[in-house]
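Each chain, written out:
There are 2 protein chains.
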Amino acid sequence: MNGYAIGIDLGGTTIKAGSVDAEGGIMKRVTHDSLAMSGPKAVIGQLITAINDLIGQHPGETCSGVGIGSPGVVTGGSVVKNPPNFAHWERVDLGDAIRREIPLKVEVENDANMAAVGEAKFGAGREHPNFLFVIWGTGVGGGIIIDRKIFYGSHGGAGEIGHLSIDMNGPQCNCGSRGCVESYIGQRYFSERTRTALARASADSRTSGILKLVNGDMQKIEPKIIARAAEEGDPLAKAVFTEAGTFLGYALASILNVLDIRIVVIGGGVSAAPQFVYDAITAATRERVLKPHKDGIRILRAELGNKAGIIGAASLVM
Amino acid sequence: MNGYAIGIDLGGTTIKAGSVDAEGGIMKRVTHDSLAMSGPKAVIGQLITAINDLIGQHPGETCSGVGIGSPGVVTGGSVVKNPPNFAHWERVDLGDAIRREIPLKVEVENDANMAAVGEAKFGAGREHPNFLFVIWGTGVGGGIIIDRKIFYGSHGGAGEIGHLSIDMNGPQCNCGSRGCVESYIGQRYFSERTRTALARASADSRTSGILKLVNGDMQKIEPKIIARAAEEGDPLAKAVFTEAGTFLGYALASILNVLDIRIVVIGGGVSAAPQFVYDAITAATRERVLKPHKDGIRILRAELGNKAGIIGAASLVM
Numbered sequence: 002m003n004g005y006a007i008g009i010d011l012g013g014t015t016i017k018a019g020s021v022d023a024e025g026g027i028m029k030r031v032t033h034d035s036l037a038m039s040g041p042k043a044v045i046g047q048l049i050t051a052i053n054d055l056i057g058q059h060p061g062e063t064c065s066g067v068g069i070g071s072p073g074v075v076t077g078g079s080v081v082k083n084p085p086n087f088a089h090w091e092r093v094d095l096g097d098a099i100r101r102e103i104p105l106k107v108e109v110e111n112d113a114n115m116a117a118v119g120e121a122k123f124g125a126g127r128e129h130p131n132f133l134f135v136i137w138g139t140g141v142g143g144g145i146i147i148d149r150k151i152f153y154g155s156h157g158g159a160g161e162i163g164h165l166s167i168d169m170n171g172p173q174c175n176c177g178s179r180g181c182v183e184s185y186i187g188q189r190y191f192s193e194r195t196r197t198a199l200a201r202a203s204a205d206s207r208t209s210g211i212l213k214l215v216n217g218d219m220q221k222i223e224p225k226i227i228a229r230a231a232e233e234g235d236p237l238a239k240a241v242f243t244e245a246g247t248f249l250g251y252a253l254a255s256i257l258n259v260l261d262i263r264i265v266v267i268g269g270g271v272s273a274a275p276q277f278v279y280d281a282i283t284a285a286t287r288e289r290v291l292k293p294h295k296d297g298i299r300i301l302r303a304e305l306g307n308k309a310g311i312i313g314a315a316s317l318v319m
Numbered sequence: 002m003n004g005y006a007i008g009i010d011l012g013g014t015t016i017k018a019g020s021v022d023a024e025g026g027i028m029k030r031v032t033h034d035s036l037a038m039s040g041p042k043a044v045i046g047q048l049i050t051a052i053n054d055l056i057g058q059h060p061g062e063t064c065s066g067v068g069i070g071s072p073g074v075v076t077g078g079s080v081v082k083n084p085p086n087f088a089h090w091e092r093v094d095l096g097d098a099i100r101r102e103i104p105l106k107v108e109v110e111n112d113a114n115m116a117a118v119g120e121a122k123f124g125a126g127r128e129h130p131n132f133l134f135v136i137w138g139t140g141v142g143g144g145i146i147i148d149r150k151i152f153y154g155s156h157g158g159a160g161e162i163g164h165l166s167i168d169m170n171g172p173q174c175n176c177g178s179r180g181c182v183e184s185y186i187g188q189r190y191f192s193e194r195t196r197t198a199l200a201r202a203s204a205d206s207r208t209s210g211i212l213k214l215v216n217g218d219m220q221k222i223e224p225k226i227i228a229r230a231a232e233e234g235d236p237l238a239k240a241v242f243t244e245a246g247t248f249l250g251y252a253l254a255s256i257l258n259v260l261d262i263r264i265v266v267i268g269g270g271v272s273a274a275p276q277f278v279y280d281a282i283t284a285a286t287r288e289r290v291l292k293p294h295k296d297g298i299r300i301l302r303a304e305l306g307n308k309a310g311i312i313g314a315a316s317l318v319m
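Line by line, the protein sequences are chains D and U. According to this note's numbering, the first sequence is numbered sequentially starting from 2. According to this note's numbering, the second sequence is numbered sequentially starting from 2.
Check the hints yourself; a few may be wrong.
Chain copies aren't distinguished; within one or between two, either way the pair holds.
As the list claims (entries may be wrong) - Think about it this way: if two alpha-carbon atoms lie no more than 25 Å apart in a straight line, the pair counts; the simulated DSS-like pairs of lysine-lysine are:
1. LYS106 with LYS122
2. LYS42 with LYS122
3. LYS42 with LYS225
4. LYS292 with LYS82
5. LYS150 with LYS213
6. LYS82 with LYS295
7. LYS292 with LYS106
8. LYS122 with LYS292
9. LYS82 with LYS106
10. LYS295 with LYS42
Hint data in this document are derived by calculation from the structure and do not stem from the laboratory.
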């Protein structure tokens, strides 16, 4: 590729866009409100503004195309269905709407898949043609990369690993099922589990670690705080994060058995967790996966952080 | 295809081989001992005998090739690794060994995948480009069909759905993990669960249904007996089989979420179960799967029965 590609990470609040070079480096960046509550036309307008902004910053250079990572189910590399937190949006051919205004190659893809593609091309997955990408953040999602390409399943929605149940009699998940791994380790559920553990703990442990960091305000507990307390040696923080990693490992073992994949790349907000969490995930996965898989199991930390969306989106049109 | 293709179902006891026409009909059949305990050379000799037998029965007709479904992990369409119940067999290039003696196209594939391919081409999956094939028998295995082709995963072993855990604290499975769906509904485990349920039941139910069919010999209880008792109206038999179907449905919901597949074809010995079992599987899957999938869920009975292996194997070389 000569010139650059444009990658866009479309979120419910913000459009993050960047021009990306052939090595996956971000050259220029722009940010706009996504106006998600104002309907599809407003969002499309903001996207076009962002794209034109970037093109304007590269006079005389060739833009190879525009990749857009979007929430919701995306089909045919273009149509976005029911993105959560976007108003008046059922089914919009986003690719087509952009192409009408900007005569470039436009590819639209689910945001989790985009991040997976970014890691596949320029991040932790670049030496692994097949891997499972996990987004561990507010929810637990993912993407499946086979032969360096996205595995879509029948309808474009493959990779919903957060809704693999690890206990058929477990807690109710917001999806309607029970015991989904997301209902143990998704940010909100994980924070709640930690609050419960603190409430149950002795008065002694209640004065330590996590509570000091939030000045006693239980509502401020979130994975970032738990991670910091663990790194400072708080035993309860370490225990709850190890347990969360273990639950994720149990889910991964089941998935890796079904898919015969051995490499897992973990991204999303919670993936900044300390190394002992990765050790717990790896140990639990190895303990539970079928014997022929055990030795090959590797649980890797994503490398592109919050740039994975932009870089992944751009890489689709390079 | 003019002429015929040869399909072989290689088992630990018997080699079942057949010539198959372009519509998936079996023309001629031969059966030989597999001599699995006598080592790879003996097995290969028996395979060659079976193939030559069939060729001899079709003088003047063209054989398009030989497909072989084998236990164990199969890689590269040729190499068979560690088939259970075969002595002195670690890694044998079975395809190559056959081709040296018989100058035809030879394709070797895992037996579960072969049965899946048979259903895809000529059975319950023929109108469904994407489906999950489940073998419910002694164990619980399967194959994943995407775009009418086998999905292999990284190392050729994808589809081990029996070792998806439905309860991380569940019973120990022979694979070393806990709560694998096989450890609830695989033939041996399922029979054992039924024996336990009978032992716990009141004296009244202990005199009914299942025990009558086995003349009181608990060791003779197996899924076929439980199915018959259920069909004759025995409430305990109906309850345990409904529970088994429900467990399978819970596992399927998790798998279908990850793969975004909506069609499941169930084969294997236990798949001859009465319709109420399929109803239980369908209800449990629909109850637990993500909302966008619910309406499309279909749980189908395999159509090729014990001929799926031969027909699937032959279809690979048509």
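Inset, instruction - Measure nothing new, just compare the shortest in-copy and cross-copy C-alpha distances for LYS150 and LYS213 to 25 Å and report within, between, both or neither. - result: neither (45 Å within a copy, 56 Å between copies)
Legend entry - Within, between, both or neither, where LYS295 and LYS42 count as close if Cα-Cα is 25 Å or less: neither (50 Å within a copy, 31 Å between copies)
Legend entry - Intra- versus inter-copy proximity for LYS106 and LYS292 (alpha-carbon distance at most 25 Å): Answer is neither: 45 Å inside a copy and 33 Å across each miss the 25 Å cutoff.
Inset, instruction - Pop the pair LYS292 and LYS82 into one bin, within, between, both or neither, using alpha-carbon distances up to 25 Å. - result: between (40 Å within a copy, 14 Å between copies)
Legend entry - Intra/inter-copy verdict for LYS82 and LYS106 if alpha-carbon distance must be at most 25 Å: within (21 Å within a copy, 46 Å between copies)
Inset, instruction - Could you figure out if LYS122 and LYS292 sit no more than 25 Å apart (CA to CA) within one copy, between two copies, both or neither? - result: neither (30 Å within a copy, 32 Å between copies)
Legend entry - Alpha-carbon proximity context of LYS82 and LYS295, limit 25 Å: For LYS82 and LYS295, only the inter-copy Cα distance (17 Å) is at most 25 Å; the intra-copy one is 38 Å.
Inset, instruction - Could you place LYS42 and LYS225 in one of the four classes (within, between, both, neither) given a Cα distance threshold of 25 Å? - result: neither (36 Å within a copy, 60 Å between copies)
Legend entry - Intra/inter-copy verdict for LYS42 and LYS122 if alpha-carbon distance must be at most 25 Å: neither (32 Å within a copy, 45 Å between copies)
Inset, instruction - First find the shortest C-alpha distance between LYS106 and LYS122 inside one copy, then the shortest across copies, and answer within, between, both or neither for a cut-off of 25 Å. - result: Cα proximity of LYS106 and LYS122: one copy only (19 Å, versus 37 Å across).
Comparing the model with each earlier hint shows violations of hints 2, 3, 5, 7, 8, 10; every other hint is respected.
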